[in-house]
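J.: For reference, the chains in residue letters:
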Amino acid sequence: MCLGIPGKIIAITDAARLMAMAEVSGVRREVNVACVAGNDLEALVGAWTLIHVGFAMSLIDEDEAARTLEALRDLGEAQEALDQMAAADEALA
Amino acid sequence: MCLGIPGKIIAITDAARLMAMAEVSGVRREVNVACVAGNDLEALVGAWTLIHVGFAMSLIDEDEAARTLEALRDLGEAQEALDQMAAADEALA
Amino acid sequence: MALRDTHVTMAHGGGGRAMRDLIEEVFTSVFQPPGSEDQARLMDEALQQPGARLAFTTDSFVVTPLEFPGGDIGKLAVCGTVNDLAVGGARPLWLSAAFIIEEGCEIALLRRIVASMAAEAALAGVRIVTGDTKVVDRGKGDGVFITTAGVGVIPPGVEIGAQCIRPGNVVLVNGVLGDHGATILAARGDLALSVDLLSDCAGLGHLMQAVLAAAPGLRAARDCTRGGLASALNEMAAEAGVAVELEETLLPLRPEVAGVCELLGLDPLYLANEGRLVLFCPADQAEAAVTAMRALPEGQGACIIGRAHPGTPGRVTLRTAFGGARLVDMLVGEQLPRIC
Amino acid sequence: MALRDTHVTMAHGGGGRAMRDLIEEVFTSVFQPPGSEDQARLMDEALQQPGARLAFTTDSFVVTPLEFPGGDIGKLAVCGTVNDLAVGGARPLWLSAAFIIEEGCEIALLRRIVASMAAEAALAGVRIVTGDTKVVDRGKGDGVFITTAGVGVIPPGVEIGAQCIRPGNVVLVNGVLGDHGATILAARGDLALSVDLLSDCAGLGHLMQAVLAAAPGLRAARDCTRGGLASALNEMAAEAGVAVELEETLLPLRPEVAGVCELLGLDPLYLANEGRLVLFCPADQAEAAVTAMRALPEGQGACIIGRAHPGTPGRVTLRTAFGGARLVDMLVGEQLPRIC
Amino acid sequence: MKFASEFRDPAAAKVLLAAIARKADEIGATRAKPVHIMEICGGHTHSIFRYGLDKLIHDGVEFIHGPGCPVCVLPMARVDECVEIAETPGVIFTTFGDAMRVPGHRKSLIQAKSAGADIRMVYSPLDALELARRNPGREVVFFGLGFETTTPSTALSIQAAARERLTNFSVFCNHITVPEPIKALLDDPDMRLDGFIGPGHVSMVIGIHPYDFIAADYGKPIVVAGFEPTDLLQSVLMVLTQIAEGRAAVENQYGRVVPEHGNPVSLAAIADVYERRPSFEWRGLGEIDASGLRIRPKYAAFDAEEKFGIGYATGRRNVPELEGCACGSVMIGKLKPTQCPQFGKGCVPEMPLGALMVSSEGACAAYWQYAGAREAAE
Amino acid sequence: MKFASEFRDPAAAKVLLAAIARKADEIGATRAKPVHIMEICGGHTHSIFRYGLDKLIHDGVEFIHGPGCPVCVLPMARVDECVEIAETPGVIFTTFGDAMRVPGHRKSLIQAKSAGADIRMVYSPLDALELARRNPGREVVFFGLGFETTTPSTALSIQAAARERLTNFSVFCNHITVPEPIKALLDDPDMRLDGFIGPGHVSMVIGIHPYDFIAADYGKPIVVAGFEPTDLLQSVLMVLTQIAEGRAAVENQYGRVVPEHGNPVSLAAIADVYERRPSFEWRGLGEIDASGLRIRPKYAAFDAEEKFGIGYATGRRNVPELEGCACGSVMIGKLKPTQCPQFGKGCVPEMPLGALMVSSEGACAAYWQYAGAREAAE
Ligand code: SF4
Ligand code: SF4
Ligand SMILES: [Mg+2]
Ligand SMILES: [Mg+2]
Ligand SMILES: [Mg+2]
Ligand SMILES: [Mg+2]
Ligand SMILES: [Mg+2]
Ligand SMILES: [Mg+2]
Ligand SMILES: [Mg+2]
Ligand SMILES: [Mg+2]
Ligand SMILES: [Mg+2]
Ligand SMILES: [Mg+2]
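Protein chains in written order, with this note's numbering: chain H, 1 to 93; chain W, 94 to 186; chain F, 187 to 526; chain B, 527 to 866; chain G, 867 to 1244; chain A, 1245 to 1622.
It should be emphasised that the hints constitute simulated quantities derived from the structure, not laboratory data. Note that the coordinates shown come from a computational prediction; the quantities given were computed from them, not determined experimentally. Here a beta-carbon is modelled for each residue, glycine too, at the ideal position from N, C-alpha and C. Where hints are given, some of them may not hold.
As the list claims (entries may be wrong) - Below, computed lysine-lysine pairings styled on DSSO-like, alpha-carbon distance capped at 27 angstroms:
{"no.": "1", "chain 1": "B", "residue 1": "K666", "chain 2": "F", "residue 2": "K326"}
{"no.": "2", "chain 1": "A", "residue 1": "K1580", "chain 2": "A", "residue 2": "K1277"}
{"no.": "3", "chain 1": "H", "residue 1": "K8", "chain 2": "A", "residue 2": "K1246"}
{"no.": "4", "chain 1": "G", "residue 1": "K973", "chain 2": "F", "residue 2": "K326"}
{"no.": "5", "chain 1": "G", "residue 1": "K880", "chain 2": "G", "residue 2": "K868"}
{"no.": "6", "chain 1": "A", "residue 1": "K1299", "chain 2": "F", "residue 2": "K326"}
{"no.": "7", "chain 1": "A", "residue 1": "K1589", "chain 2": "A", "residue 2": "K1578"}
{"no.": "8", "chain 1": "G", "residue 1": "K1202", "chain 2": "G", "residue 2": "K1049"}
{"no.": "9", "chain 1": "B", "residue 1": "K666", "chain 2": "A", "residue 2": "K1351"}
{"no.": "10", "chain 1": "G", "residue 1": "K973", "chain 2": "B", "residue 2": "K666"}
{"no.": "11", "chain 1": "G", "residue 1": "K921", "chain 2": "W", "residue 2": "K101"}
{"no.": "12", "chain 1": "A", "residue 1": "K1258", "chain 2": "A", "residue 2": "K1299"}
{"no.": "13", "chain 1": "G", "residue 1": "K921", "chain 2": "G", "residue 2": "K1211"}
Unchecked claim - Which stretches of chain H does chain A cover? Using the computed rule of at least three CB atoms under 8 angstroms from a CB of chain A, they are:
{"no.": "14", "segment": "4 to 17"}
{"no.": "15", "segment": "32 to 38"}
{"no.": "16", "segment": "43 to 54"}
{"no.": "17", "segment": "57 to 69"}
{"no.": "18", "segment": "75 to 86"}
If we strip away everything but chain H, and leave its shape as in the complex, we get:
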């Protein structure tokens, strides 16, 4: 459950009500940013958030995302090494 998708905050639309415009692949929708707003609302502009039912529920952590992708790359390299070893084994066999 819980359809959530990453969207970028592109503008604050109603600071009093904590509303901001979010964009997902060129689609804009006003969302509530109560859950991700710090003291400086404007600082949110440009941030990526996870959007669910019209609310920005979580700030997306770019470093963490990069780390996850890096782990995948590492695994790929390990795999390649394994494959080469297997190929070498096979060639030797």
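Add chains W, F, B, G and A with the ligands to chain H, keeping to what the hints say.
T.: Chains W, F, B, G and A with the ligands only, in chain H's frame:
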């Protein structure tokens, strides 16, 4: 103004509310009979009334109607007599 | 029986399996259109005769109530389009039927309407060959609207139309006037009238063929639907550039229809009909046309009601029983019940 | 200018002068149907060639809003019926147009819709030759519904249809998918989405002629309207008795359409299109078909998206970017925005 | 007897027309110097055109169409008030069909309906009452319109609503009376009338004595008439006979329906529910003293003017009528409809400017509809 | 970075699938004797089918579809109550689209709408709030549905309504929590699961520690996962790695979105507005202690259960579910959807009997939709 048409009372439908069924050339509609109701509501059945906006407004007086038609007939006979006289005059001329 | 619902929901319009089930079970299993494409592929040898023309017409049907004494919206939708083809001299061949269904419509009602269409099409000798269904939100429709389009063939040599009308032509109708309009007014219930009337709704294709055979000089025909006899005659007189005079004493009218009109202050000449047409033909073929019509159930009340003459073009008058005359004009808007 | 009202009232449906004025000023003066009878009388020499067949189809159009980025209900009503004729191999010739107008509808809006229909008909090379208008009470309609029926001619020798599809045939589309559906979802306003998209609404008659010329072995075509590509393919596969496999990586999709789908939890394969068709043709003619389509504005995004194969008849699958496969089934009801 | 077809006998009509012709000749009436007879009631106007009596009758008899169509004499400001009430959220506004097309300054009821107001045509105020019973959450307003014929029906409906303690039913009262405008017409110095056909159905309620002043004070004959063609012709003959004999009396041709003293139940209901307004505005005739009725304070709960704070009570009266409208002059017989500068131009039945073009009994609409004057104007 | 496409890289997926295969072989998982991994969340079920992961993954890994679709676990009695509220005159009932087709005993919301109830689909509770602002004369009820992911949105909406003093907005609260049913599943003696994929979006609200008991008390690995295909595969690999290493821990694959301790604003809003019900009924699982939330008394003015006197407060609970429905057994992994006697017979997506057939994340609908089990059943 005041579209009114003769309709015959064919049944009492709601004595408390003084409602009755009236018929006009085979078309039935419930009408209020407050304006034409005497002491015996059932006596209305069979009577002709003048109907306006869903109310029986007046009992139609059959004798008066007959008298009016008779006056027309009399006029017709007088006319015929006149015509005959005119024809006789012409024949003589 | 994949269709388990008793009422139509928005799901039945969504393009998916629910829609397919509705269409197959309620519509195409009854109409059996040819082929599986969303178009019918048709040919009739009459169409390939030199000089033959194709006739094409359409009408949407929006009656309330959907079922009424003497018919339902489905019967109307078939007859209306068959008649529009027939009065132009065409032999009706194929019909399309598009349904706009309001969410909440009872499926059993749809089945009755479809059965009635199929029966009427069979009677008229036409086939319902293609169609469509849409579902609209509650409050955006009225039960069901049906739009039919019809294709027919006008054989070589048949050339009728208002422009063929000439002064001296006789005006005929095929039966009593206003039954449909009066029936619907009463059936709607909001005026609380009760009357034993049936809609005159009928297909007139066979009747037109009979008239064309009996009175080959037939000049023009038109069905007297919305706006009644008066509107049809006004249009025809204007297009023909003739005047028309009707005889009040010849107009066929049921007492019940007259009664509805007197109660509500309406004029029966403007009441809708769904199985009545008005014809213009040369005076010497009028009796033959009447006889041919009277031989058919839908022409029982056929009679002469007036004639075209060289008066003010487009002017329709009625000679009253007193010898007076009044203009029978186009209606302005719709006929509204009057108190005065 | 006898029509003085700015909005439609019940009077405009009553069969009288107000109705006549509305019809003449708003509709027939623009469409200029032939003749004055309530039927068009037509002939086209293509129809009299031996082996030619008449194609006949209909659709009702009920879109909200009536005007949207890239089109309006009038454009839809012309394109939809032109396309239903075209995808069957017919040359579209004549259209009927029946309007069910809700009381209160702005007359200026009707004029815009009618102008849009006339322009689109001219583009498509068809004529609107007959029609009808009805007015329904407020709350019994939705601005305006339009039902068009279309008649065209299938030339001798053209024989396409789902039953002609064979395993090995290649599946093509003429452009990106779901623009219309996503545009309408956003234009409706109730989801408060804003996106720069235009409906793909377009007439595909010329494109079909170009494909038929470039790829004479074309087996079948269908427009992907309600229910989207997925529904069209499911129907065709079932009728053809073949399986179809699509390649996810080949499916053309705008990022904005993908964005609307992700936000609402929808599948773009089920989004409606109004100017997109899916084609099946022999593998060796697929490139020619793509090239022919890309030469036309309405075929800019043409591409191959999959192929028919001898698997479970009627089964449509999608090979994902990962080499996984999923069933692309018929939709159940309508696609509803999801939270989960 | 069906009390209708018997009075449509063409043979009898022929006899009557001949007798009228003789009588007209006798008093020297000619096309150039006609006898002017006003049929007060729009229903009579309707019958005259429907049966073509105006063309059949002797050239020396000219019908002047009176103010007796309650729809026609309704001022625009009153229609505006109807629209205002009908557009109030929660209201179901009920009306006779006739009133739907009457133009207000902004719009007619049919236009208000098309713009979303919940306006329903009814055949009877009883139907409006029934709607109120069935829609307890909605305020059902009935557009009470008409002369003395119709007044009892709304009075009885209000009494019924009071008995049932309905709290969501009210009447927007526009009932008017016949004798007062007749007096106003007779007092107009431009007016030249020789006699009157009296309104048959008004009279079945009020009887014939309210017209005594016409004969007694103004010396004009008046004959209360039925609506069938021989009724009308017979009544014309009776008027001409009085003129020929130099008499002026109130006579009753419609005795089968009209009792001399009217209908006591109706009169009692009117008296219970309504009282006279000091004055009421008539289209084209202006304010006429004591010519309109209002709901008595004891029934204020059923008075839409009170409930909505609208109408005479508010003092916002005398909204000017549109310019160029000759309705007033047509109604006093000074101008014929075709002489109005707006006839067939600014004013047509599709979009009536003046109210005489709205109802088919309006003198202008009747001319347009039945007399073919349109062709001349177009 | 767009935080989506990067995690759909087929090359990375290939690497992950190979690593999973090696790990599965390592622990001796085979088709006959598979590792059972439950993805708790319906969104994960959806992704698995959408990307065909079930077919690509090593034969020895079997996904068990958990109870994590809030629409699926809604008992019929609750739908009946929705219909009852929606059919109340004056109510605008707002809901996420998913819930429209869930069958109640009498009807679904889509059927209630077709029968005249004013039911509107919204994308967000904020849209319902806006409807309430724009329709002051109507009571706008929002069908509050969902796990901890969704709960903050309705809590914040209720707080906003309270701040604005709206009197016509209320929430029919059906919010439920994830940890409690997982505990119930783990306590079932028929249950045999080797590890869990934890719900990513629930966890961004509550953090990862609420799952500690799964590892600590039941010795099962759990990895909180994202929803993109490589997220899922990576998480499966992490679960298998724990199994291979004989560990059981709570791990977080979805660190880019899920903070260890969740979202403090969301948690505060939930705590302010909601409190735990003693128990709540789950379709197929029965009443589960402390698994549902209700609105606190201080927000009673926004509680549809209070406003309409409906639901748990009335004591009319425990309406029996329909017979023959195996939803419960499917949800604990005891039966596969295709083993339900109703699958494809009494229960199809067009007319779902059990709730697992309603939402495309429901295990039965997912089987029907993507796995082609229909052809077998038909
Ligand atoms: S034509 Fe119109 S404005 Fe002139 S008098 Fe007649 S109704 Fe009044
Ligand atoms: S097939 Fe239907 S009844 Fe059976 S488990 Fe699935 S959802 Fe429940
Ligand atoms: Mg027609
Ligand atoms: Mg017709
Ligand atoms: Mg279609
Ligand atoms: Mg409706
Ligand atoms: Mg079609
Ligand atoms: Mg199509
Ligand atoms: Mg028509
Ligand atoms: Mg509407
Ligand atoms: Mg009168
Ligand atoms: Mg989740």
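J.: Each hint: holds or not?
T.: Each hint, compared with the structure:
no., hint, result
1, K666(B) - K326(F), "holds, 5 angstroms"
2, K1580(A) - K1277(A), "holds, 16 angstroms"
3, K8(H) - K1246(A), "holds, 9 angstroms"
4, K973(G) - K326(F), "holds, 25 angstroms"
5, K880(G) - K868(G), "holds, 21 angstroms"
6, K1299(A) - K326(F), "violated, 45 angstroms"
7, K1589(A) - K1578(A), "holds, 20 angstroms"
8, K1202(G) - K1049(G), "holds, 21 angstroms"
9, K666(B) - K1351(A), "holds, 25 angstroms"
10, K973(G) - K666(B), "holds, 22 angstroms"
11, K921(G) - K101(W), "violated, 34 angstroms"
12, K1258(A) - K1299(A), "holds, 13 angstroms"
13, K921(G) - K1211(G), "holds, 26 angstroms"
14, 4 to 17, "holds (count 4)"
15, 32 to 38, "holds (count 5)"
16, 43 to 54, "holds (count 5)"
17, 57 to 69, "holds (count 11)"
18, 75 to 86, "holds (count 3)"
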